[in-house]
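*Asks:* Starting from the known structure of chain A, arrange chains B, C and D on it as the hints suggest.
Protein chains in written order, with the working numbering: chain A, 3 to 403; chain B, 3 to 403; chain C, 162 to 542; chain D, 162 to 542.
What the hints contain is simulated information worked out from the structure, not anything from laboratory work. Hints may contain errors.
Derived Cβ-Cβ restraints for the label pairs, each shown as a range [claimed, not checked]:
#1 C/GLY541 <-> B/GLY402: 39 to 47 Å
#2 D/SER321 <-> B/ASP265: 31 to 39 Å
#3 A/ALA268 <-> C/GLY541: 32 to 40 Å
#4 A/ALA113 <-> D/GLY226: 53 to 61 Å
It should be emphasised that the depicted structure is a prediction, and the values quoted were computed from it without experimental measurement. Just so you know, even glycine gets a beta-carbon here, dropped at the ideal spot from N, CA and C.
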Amino acid sequence: MQPSFSDGDKEFRQTVRAFIADNLPDDLRRRARWDYHPNREDQARWCAILDKQGWSMPHWPREFGGPGWSGIRKYIFEEEMRRAYAPTVDRIGPELVAPVLYTFGSEAMKARFLPGIRSGETFWAQGFSEPGAGSDLASLRTRADRDGDEYLVNGQKTWTTEGHHADWIFLLVRTDQEVKPQQGISALLVDLKSPGITMRPIRTLDEGVTVNEVFFEDVRVPAENLVGEEGAGWTYAKFLLTNERTNSAEVPHTKRDIAQLRDIAAREVKNGRPLMEDPEFRRKLARIEIDTLALEFAVLRVLSNEHDPENANIASLVKVRGSELRQRVAELADEALGDAGLAVLTSKEGEHGPIAEDFDPPVPEHGIGISAKAMFRRATTIYGGANEIQRTLIARTVLGL
Amino acid sequence: MQPSFSDGDKEFRQTVRAFIADNLPDDLRRRARWDYHPNREDQARWCAILDKQGWSMPHWPREFGGPGWSGIRKYIFEEEMRRAYAPTVDRIGPELVAPVLYTFGSEAMKARFLPGIRSGETFWAQGFSEPGAGSDLASLRTRADRDGDEYLVNGQKTWTTEGHHADWIFLLVRTDQEVKPQQGISALLVDLKSPGITMRPIRTLDEGVTVNEVFFEDVRVPAENLVGEEGAGWTYAKFLLTNERTNSAEVPHTKRDIAQLRDIAAREVKNGRPLMEDPEFRRKLARIEIDTLALEFAVLRVLSNEHDPENANIASLVKVRGSELRQRVAELADEALGDAGLAVLTSKEGEHGPIAEDFDPPVPEHGIGISAKAMFRRATTIYGGANEIQRTLIARTVLGL
Amino acid sequence: MIFELTPEQQAIADSVRRFTEREYDWDSRMRAIRGSEGRDPAHWAVFAELGWLGAGLPEEAGGFGGSAIENAVIAQELGKALVNEPFAVHVAAINLLASSPHAAIAEMIEPVMMGETRIAAAMHEAGARGDFRMIATRFDRNGDGFTISGAKSLVEGAASADLILVPAMGDGGLAVFAIPARANGVALRPYRLLDNSHVCDVTLDEVAVAGDALVAMGDEGELAFARAVDEALIALCAGALGTMEAALWATRDYLLTRTQFRVPLANFQVLQHRMADMLIEVEMTRSLLFHALGAAQAAMADGGIASVDASARAAAVSALKAQTGHAGLHVGREAIQMHGGIGVTEELAISHHYRRLFVINRLLGDEAVHLERFAKAVDGE
Amino acid sequence: MIFELTPEQQAIADSVRRFTEREYDWDSRMRAIRGSEGRDPAHWAVFAELGWLGAGLPEEAGGFGGSAIENAVIAQELGKALVNEPFAVHVAAINLLASSPHAAIAEMIEPVMMGETRIAAAMHEAGARGDFRMIATRFDRNGDGFTISGAKSLVEGAASADLILVPAMGDGGLAVFAIPARANGVALRPYRLLDNSHVCDVTLDEVAVAGDALVAMGDEGELAFARAVDEALIALCAGALGTMEAALWATRDYLLTRTQFRVPLANFQVLQHRMADMLIEVEMTRSLLFHALGAAQAAMADGGIASVDASARAAAVSALKAQTGHAGLHVGREAIQMHGGIGVTEELAISHHYRRLFVINRLLGDEAVHLERFAKAVDGE
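Bound conformation, chain A alone (with noise of 0.2 Å):
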């Protein structure tokens, strides 16, 4: 047993690093600080950059252009990308499209589509959820009827997200209505131009758009675009959430987050003194410290040994407590804030963007972002398969109950 970073995790995370300082442009540092959802051209410069490393893409295999790097390292990486500041890449293509395409699409998809998310160029969202079916998949209602070479393809998603900045979407579809529920459904890859498609954004409790309605309406889809076989769909809907779930329970952004309240903590007063010095504030934070730590162990062993079936069980685990966790560290940093934790912060009126050069925000530099984190961070605990799914899952697949 050697439950500690290796010497040469040690160098490799000093390399990261070191690249982050010499590569990260300045004023995409500055946007980021405020944790808003990364505009799309942020994401894609940054890529680009990455790409020219070698490093746009992680999770990669090395025969798609990953780099190749171990559980632990990609943690690394990812880590020292949250904790500069830089822009998050954009996950939908690179971490749940893309391993579909590499996994089970053809020759002639992989060319196609993988260089452009590697790249940064090409944007994609995912159109799973239905109205009336949000984590019951087996129960969707979108069909794509066969037309020559085409589909023909109408019905209606929601929660897509970053549906509005997405070049494609990664639909699944009801291609058979004849057989079982599970076996009629197929993948589709859809150019979010083709005619006949309404994107319509959902405002949420944060006042942002991250999530959308797409509508569609007799739209036209070449047959080649559909994904490996038809009527496999569900299973590849299954590897693409599978994938989704054995991430790092995003514990690098809480890390970050919590350095961030940190900041807040010792900026802001109470009783004539620095919040930081305040017992029950300091109770909190060690609380909320010490499970982030307990959490990121439980990362790491999964990661450490992906491939052992008993560690995939902790991943249904870390989903749950790192969503939870996740609120936690936003509302803390809230209430952190005081007064001006109650300020909605708007740089045009009903959505968060780009914040103008010359806004005057009724709220300290320090704490920009975070009343709309507060909010919107009730949806950790629903979106990407709700807690009380996962801990369905916990009792059944880990306690056998």
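*Replies:* Frame of chain A; chains B, C and D shown alone:
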């Protein structure tokens, strides 16, 4: 709306307080101070004193010797009793068995059994639960077969509270094996001195004994001891359990425990100052006191209008909250004691009972009984219908889920 | 003990409910909160017309003969419909006016009740993190008048107020002043809170007022301020109770109608038990509201002068606020979680319930502030 | 990073498990804990014989070449079977001896490892409420020797010990002494804890010892004490982890076999989700155990001298202990609750799991003590 005690109620409280001060023997008060399960002799002596005043059975209707108090006054009476460290009057006979007898029993049965309960001479146990049938009474298997003028009882009961002190047991038995499970149940009154009965005390985690297993082997019970009608036992049991739930959620007891906790906190020292001045302790205590106030007013809402069905709904909530609160108070008291809160305190090996005069405990006087209480309180969320059952009941009856 | 509303109190509740059902449905609300200041001025006129603005004031103070109970009844119904009007602030303001020994101040009560004069109360001090007991704003005597300097935050309704009531410390202890919102030296910085209420930071830079701007000072000032805080907190918590109830029952209805894996959500035992816990929190809040109303009645019966009753009221009100903050967050979060994705959208009331409860937890002191104030009041400190 | 046991470590785990399965089944355990001191002396001899008492000590210190990892492996297996032996106290004691720069002390290591000398460590100060950093016991120099006075509490194994290791403050800072248990001025008051461990309050009334009784003093004393505390805490928490695991899986098995209303308890969704939460707490505790073991290795690699590593170890160990206290109570309570009535009886292991976890939460500092120690260590105070 007049959400505070009326002047009449306030005067009533003073009357009760004065009576207890004048009539409660010192030795009883001293033993009750330690809050072990009161011994039968103390309970009986105090019950007889109250009986002379006509106050021993506050919950009984006037015609059977009850004082005819309103719900609020019964609550005030109980609160003053607890406050003064008066021994509790036994509950099984007065509050569970007697209401069944005076509601469903024959005149002969009432005349025979009620006076002994009222005066504290006769102690009762209840025989409901069986091994393998905790809250699920319909599956009970103890049988009573008619044999001339007698029933022949065979079977086993468990969790029989205070059975080792009792004279009689109110027994649910199966008198008909053919009909639906719930229809074949009857209620029998059984003299615990009858041949064929074995009482086995169950040691609990506080190392004390309050519950027992009772074994019945060819026990002969006169047929006249059948309560009401044969086959109606299920109805009587439900009636009895309803009475169990509409109690005061033990708020008077919890308030007394809080007073004791405050006394401990005033005597114990942390970092050179009284524990009572420790901010974190005070916060925990305040939270408990506030929750107790809330619970008390919820109980008073029920009691102010006992026959309003909407208030009956609240009764199921207060059981859940009240039982959890009792645990929290006991645990905070134990924590307040520091190291001494970890010590086991038994007068003789394996059972706490009356404490010998020359006993020199390894804990301070104000800490006697605390660790046993902290342990035993784990049972409050289990007995009388586990909180899981209560929550399901709330969801169904109040929320309509 | 009587926990039922009198017929008069029930009539007030009914009149508020009629208003919220007929004039404050969801679409009207969304229109109102998107307007300037998040309100439709016609609504406040209705409040005045129906007598709600004076319903909680005793007759001898110029009101309609009610008490905190009437205010709680109104606030609770407004809270159910998420009515975005500064009613709790109004309660603070009118109680401050009614506590004044000065005739010039008492004369303001009627126009305020009639909705003719708009008045805000600056109960939060900038930098005090919701602890209303920390007052750094200063006053100095200036001939027959006073000069006031300081910074207040989260002053709801300030942008449309004629007068702002300002507590300040100075020679003579705590004093409260009625300051014209457009007086020289008064600067307003408006912004919006997460629950769509519109507030201002109010900066007072040597604001000069005449002697008749004094509402109360010294012991009278302390008592007036304590009464205003407690009465406003009761209204605030009653509103939160209404909001919690709305969130609870909306969630119940959602669980009954929505299916997942072809089973109604209402059948999932886990959700049943969590709903039971939400209900318990709601009922405990309601119980503490009753308790606080009893304490407020007792304190008012003594004209708020007996400090033992004022202290009992402080304990009871802080118990209520600590529970409300705690319960509100719990109920709000659970309501969102059980709704799933739809719960985090701007489109559904559920996220608005949560945001309102989130804000209320922090207004006039969060759970920690009130646990401490409760402990102090109970121990007679 | 490697989280798997080496074959040697696995062999130790297996040998402990064989012992608990063959010689410490439930009936043997109940016999042992009802004996005097709650133990069977033959068991400690087995510990010595199988090398467990020196397994966690480096070779250069006279041990068998292990570290905190080996102690954790042993403690966890012992914890699963609720073995009532003072193993964590032994870890404290042997680490104190091994930290000593004095040859006379180092010579004691072997007989202790062999089980020939019994040794207790008085890590709790009477009145300190588990905060081991508060040491009021005093020493004075007395010619070549020392005089020690004070009061220690919760000293496990003191009644059968030959020597008691006693930390004390005096001129020269913190010092640790090895005091014969039967020395003049040493008074033992034995009692039993809720988990059936037998402890003593130890009163030291001007106890005179020779100079060679000094284990370490000043900076050396601080480092020795800190190392002993942290290593003992790791063993204590590893034991608690084992106990939590035993409670978790026993509850799982109970839910699978027990039916209510003709449905297996395992089918109730509420119990499933609560079991998932228990599992999460267990896995988080395990993760922090790994983290603390890494920190202990790093600190030991520097001979425990570099204060930065000692501070990192303190943070890591306090994180572990805070989590263990919290998780242990949660898991213990839930295991009882899900068992229902049978869970509160003395007859079933479940209540013993709870009582052990209840006691461990308070030994060597409860959650509050360790949250504060963690915060201080992290901030470099």
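*Asks:* Each hint needs a verdict: does it hold in this structure or not?
*Replies:* Structure-based check of all given hints:
no., hint, verdict
1, C/GLY541 <-> B/GLY402: 39 to 47 Å, "holds, 45 Å"
2, D/SER321 <-> B/ASP265: 31 to 39 Å, "holds, 37 Å"
3, A/ALA268 <-> C/GLY541: 32 to 40 Å, "holds, 37 Å"
4, A/ALA113 <-> D/GLY226: 53 to 61 Å, "holds, 56 Å"
In this structure, every one of the numbered hints holds.
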